[in-house]
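Please build the complex by placing chain B on the supplied structure of chain A, with the hints as guidance.
This is what each chain is made of:
Number of protein chains: 2
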Amino acid sequence: MLIVQKYGGTSVGNIERIKAVAERIVRTVKEGNKVVVVVSAMAGETDKLISLAHQASSNPSEREMDLLLSSGERVTTALLAMAVEELGHKAIALTGWQAGIITDAVHTKAKIEKITGERVTKALNEGYVVVIAGFQGITEGEGEITTLGRGGSDLSAVAIASAVNADLCEIYTDVDGVYTTNPNIVPEARKLDKISYEEMFELASLGAEVLQTRSVEFAMKYEVPVVVRSSFNNNPGTLVTKEDKDMEKVVVTGVAYDKNQAKLTVVSVPDKPGIAAKLFKKIADANIVVDMIVQNVSSDGQATDISFTVPKTDSKKALELTEEIAKELGAKGVNLRDDIAKISIIGVGMRTHSGVAAQMFETLANHKINIMAISTSEIKVSCLIGAKYTELAVRVLHDSFKLSEG
Amino acid sequence: MLIVQKYGGTSVGNIERIKAVAERIVRTVKEGNKVVVVVSAMAGETDKLISLAHQASSNPSEREMDLLLSSGERVTTALLAMAVEELGHKAIALTGWQAGIITDAVHTKAKIEKITGERVTKALNEGYVVVIAGFQGITEGEGEITTLGRGGSDLSAVAIASAVNADLCEIYTDVDGVYTTNPNIVPEARKLDKISYEEMFELASLGAEVLQTRSVEFAMKYEVPVVVRSSFNNNPGTLVTKEDKDMEKVVVTGVAYDKNQAKLTVVSVPDKPGIAAKLFKKIADANIVVDMIVQNVSSDGQATDISFTVPKTDSKKALELTEEIAKELGAKGVNLRDDIAKISIIGVGMRTHSGVAAQMFETLANHKINIMAISTSEIKVSCLIGAKYTELAVRVLHDSFKLSEG
Numbered sequence: 003m004l005i006v007q008k009y010g011g012t013s014v015g016n017i018e019r020i021k022a023v024a025e026r027i028v029r030t031v032k033e034g035n036k037v038v039v040v041v042s043a044m045a046g047e048t049d050k051l052i053s054l055a056h057q058a059s060s061n062p063s064e065r066e067m068d069l070l071l072s073s074g075e076r077v078t079t080a081l082l083a084m085a086v087e088e089l090g091h092k093a094i095a096l097t098g099w100q101a102g103i104i105t106d107a108v109h110t111k112a113k114i115e116k117i118t119g120e121r122v123t124k125a126l127n128e129g130y131v132v133v134i135a136g137f138q139g140i141t142e143g144e145g146e147i148t149t150l151g152r153g154g155s156d157l158s159a160v161a162i163a164s165a166v167n168a169d170l171c172e173i174y175t176d177v178d179g180v181y182t183t184n185p186n187i188v189p190e191a192r193k194l195d196k197i198s199y200e201e202m203f204e205l206a207s208l209g210a211e212v213l214q215t216r217s218v219e220f221a222m223k224y225e226v227p228v229v230v231r232s233s234f235n236n237n238p239g240t241l242v243t244k245e246d247k248d249m250e251k252v253v254v255t256g257v258a259y260d261k262n263q264a265k266l267t268v269v270s271v272p273d274k275p276g277i278a279a280k281l282f283k284k285i286a287d288a289n290i291v292v293d294m295i296v297q298n299v300s301s302d303g304q305a306t307d308i309s310f311t312v313p314k315t316d317s318k319k320a321l322e323l324t325e326e327i328a329k330e331l332g333a334k335g336v337n338l339r340d341d342i343a344k345i346s347i348i349g350v351g352m353r354t355h356s357g358v359a360a361q362m363f364e365t366l367a368n369h370k371i372n373i374m375a376i377s378t379s380e381i382k383v384s385c386l387i388g389a390k391y392t393e394l395a396v397r398v399l400h401d402s403f404k405l406s407e408g
Numbered sequence: 003m004l005i006v007q008k009y010g011g012t013s014v015g016n017i018e019r020i021k022a023v024a025e026r027i028v029r030t031v032k033e034g035n036k037v038v039v040v041v042s043a044m045a046g047e048t049d050k051l052i053s054l055a056h057q058a059s060s061n062p063s064e065r066e067m068d069l070l071l072s073s074g075e076r077v078t079t080a081l082l083a084m085a086v087e088e089l090g091h092k093a094i095a096l097t098g099w100q101a102g103i104i105t106d107a108v109h110t111k112a113k114i115e116k117i118t119g120e121r122v123t124k125a126l127n128e129g130y131v132v133v134i135a136g137f138q139g140i141t142e143g144e145g146e147i148t149t150l151g152r153g154g155s156d157l158s159a160v161a162i163a164s165a166v167n168a169d170l171c172e173i174y175t176d177v178d179g180v181y182t183t184n185p186n187i188v189p190e191a192r193k194l195d196k197i198s199y200e201e202m203f204e205l206a207s208l209g210a211e212v213l214q215t216r217s218v219e220f221a222m223k224y225e226v227p228v229v230v231r232s233s234f235n236n237n238p239g240t241l242v243t244k245e246d247k248d249m250e251k252v253v254v255t256g257v258a259y260d261k262n263q264a265k266l267t268v269v270s271v272p273d274k275p276g277i278a279a280k281l282f283k284k285i286a287d288a289n290i291v292v293d294m295i296v297q298n299v300s301s302d303g304q305a306t307d308i309s310f311t312v313p314k315t316d317s318k319k320a321l322e323l324t325e326e327i328a329k330e331l332g333a334k335g336v337n338l339r340d341d342i343a344k345i346s347i348i349g350v351g352m353r354t355h356s357g358v359a360a361q362m363f364e365t366l367a368n369h370k371i372n373i374m375a376i377s378t379s380e381i382k383v384s385c386l387i388g389a390k391y392t393e394l395a396v397r398v399l400h401d402s403f404k405l406s407e408g
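Taken in order, these protein sequences are the chains called A and B.
3 is the number of the first residue of the first sequence in this note's numbering; add one for each residue after it.
3 is the number of the first residue of the second sequence in this note's numbering; add one for each residue after it.
Accuracy of the hints is not assured; some may be wrong.
To be verified - Computed Cβ-Cβ distance ranges for the label pairs, DEER-style:
#1 GLU115/A with LYS283/B: 51 to 59 angstroms
#2 ALA45/B with GLU115/A: 52 to 60 angstroms
#3 GLY129/B with LYS329/A: 34 to 42 angstroms
#4 GLY335/A with ALA45/B: 52 to 60 angstroms
Claimed, not checked - According to the in silico footprint, chain A covers these stretches of chain B (three or more CB under 8 angstroms from chain A):
#5 7-21
#6 53-62
#7 79-90
What the hints assert, rightly or not - Among the chain A residues that face chain B by a calculated CB cut under 10 angstroms, a handful are:
#8 ILE17
#9 LEU54
#10 ALA55
#11 SER59
#12 GLU66
#13 GLY74
#14 ALA85
#15 ARG121
#16 MET249
Keep in mind the hints are simulated off the structure, nothing from the lab.
Just so it is clear, CB atoms sit at the ideal spot from N, CA and C, and this is done for glycine as well.
So here's chain A without its partners, still in its complex pose:
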């Protein structure tokens, strides 16, 4: 088999870990596989570099930030290639651009445009373990160094797996796989053997940090089989794959939560067509992602309230913009609440089972948890609640949908 293995920051956090990873790689090779490895920076390195940048400048240029941050992964690739060679197996370290990872020019959150992986394939055919720096790429024209954003090494791994037509993409991390919910909150949370791309995508989007959202999207699009597993043991992990009949039998696969949202409410806006469009255009122009939107129907047909959520980090900026608009529109004012959480249940089985949303609302109501807003998709239901109820809500939903039973 041709296997792409991705090792995250904690998996390569020090020399002992790097040596352990080298041993796993050589073992995989000895089992008859060809191996491409994608690595992150050693744990803590990226944060250290970001801190240095903010000491050097109050507003560091994104281009220079990319050049700075891309150095961390290079260090890991070189050290890991050395450690593999020390075990008697040929290895070669490649930077993002040496591996042919071409991106657009949007610094700090570049998108992969294509991978010209000839050098990777050539080295594999010559019997090398190929160790590639994750998280980074290069623009085609000017040859500018870019990075793919937080968690971007997952995306590098999946994209490379697709480019070299790998049989499997293993994402090694510090947890055993994908769980029905966060085991720190629900000790009975169960590791899933298998999960569909769609479910994984929703989980990742909804705050479960095990895989980067864009990497799941990419894997789904190009049908790259992904396994999430731990580099600290030999447990089999969770396979992320195409939806199958078995998966549909399970109504709810997991419970996710997200505490990183803030809620803005424009109070008593005159109820005229085009108001929402005007507001959200302005927010979108500022590159702020709006998640849930609730507009109350006005009882008298004169005025209405509009609520929406944005990432907490953007809430100050969003508040400013919304207050400007509110003034223009003649609204009474704008409220900001950041003591909220979004609780979600996910499962492809929802497509064929009814009553799931109702059961969720009822469960929350039974525990006196008030729902501020609701949003649904084909395979998920999300509710906005008070932040202080987060853990309680996760536990009672996990219990209600019998997720520990499998």
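Just chain B, lined up with the frame of chain A:
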């Protein structure tokens, strides 16, 4: 003027130092100059990376070593460009290959083949301060990352200065300039205002660590005016330039010493033609640089002793090779001594003044310092002495040639 400024590791050793360097750069720009900056890794970073490599592997591959070590300078370029921008001036950071530094493929000690500096010139014309990662380059075909060896950033700076036709190349370091000898040994050592390329080259080769030898060679070849000065104050430094009439008036310009040599002696070799050739071919094939060679004429015409010096780091390897050869040749044995030092006096004035060597030998003899070997060139005389006499020899020679008087 177009000025290339190079800042060494201690000059950019932490964020405060980087900010101070940014201020100096902006000041230079405000004085009406265009500025290209070449930087080293932050002090200690390269050693840290080397240590990690040796933990990862007992014999790290040189290709991966280059990839690893080249990351340090990238960090500095990005941080320094940010710090310059913070002061309100446009700046752009470029890696070695982005600046077009093309080298041969000899990893860890690559030679610059050419510099295709279009991007540097373009950015300068657009009003940017261009900050370039020193010490590194790229091969033309495969695009392999290379490094230029210890002190290679000096070479990067001089080569870039030549490529962009700079009016001046300033090498910023933690000392005020080039001294008649090490001021730590001779407190009266005097800073030179001016020194010829040839003298600087000898000084650098003979152990003075202020400028990398190859960078001096390059500056001499392409007549790049170089100034060595401190980044910790505004003192004017030392100009390294073409020899002029003034310089010839001074007989001896400086005293240098080198404690990093070891001496090997092949005892009682049968005195036949071709013996030395055989020995030194073998040593050269192992990439060991032999410095001084002394062959005693044998009194009886039957056997002779051959002594030579090699860098201490290569002495073990050289001893093994020499012992093999000694056996083949029927010599009595091989001695290794590493308690030796090489003391040298340098000055272009020697070309037109006689008696300089004699004065050196006499001065040493007056202080009961035994000379083990002598080597001379047009502008220097070197003597091998016992290591314990190093400081004494430096002091008495500095005094004898009245170097503190200028």
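Hint by hint, here is what the structure shows:
1. GLU115/A with LYS283/B: 51 to 59 angstroms: This hint holds: roughly 54 angstroms between Cβ atoms.
2. ALA45/B with GLU115/A: 52 to 60 angstroms: 39 angstroms, violated
3. GLY129/B with LYS329/A: 34 to 42 angstroms: At 40 angstroms between Cβs, range holds.
4. GLY335/A with ALA45/B: 52 to 60 angstroms: 55 angstroms Cβ-Cβ, so the 52 to 60 angstroms window holds.
5. 7-21: holds (count 3)
6. 53-62: holds (count 8)
7. 79-90: holds (count 9)
8. ILE17: Status holds, d = 4 angstroms.
9. LEU54: With a closest approach of 6 angstroms, the LEU54/A hint holds.
10. ALA55: Holds - the Cβ of ALA55/A comes within 10 angstroms of chain B, reaching about 6 angstroms at its closest.
11. SER59: 4 angstroms, holds
12. GLU66: With a closest approach of 4 angstroms, the GLU66/A hint holds.
13. GLY74: 8 angstroms, holds
14. ALA85: Holds, about 4 angstroms.
15. ARG121: 8 angstroms, holds
16. MET249: Violated, about 42 angstroms.
Hint check: violations occur at hints 2, 16; the rest are consistent with the structure.
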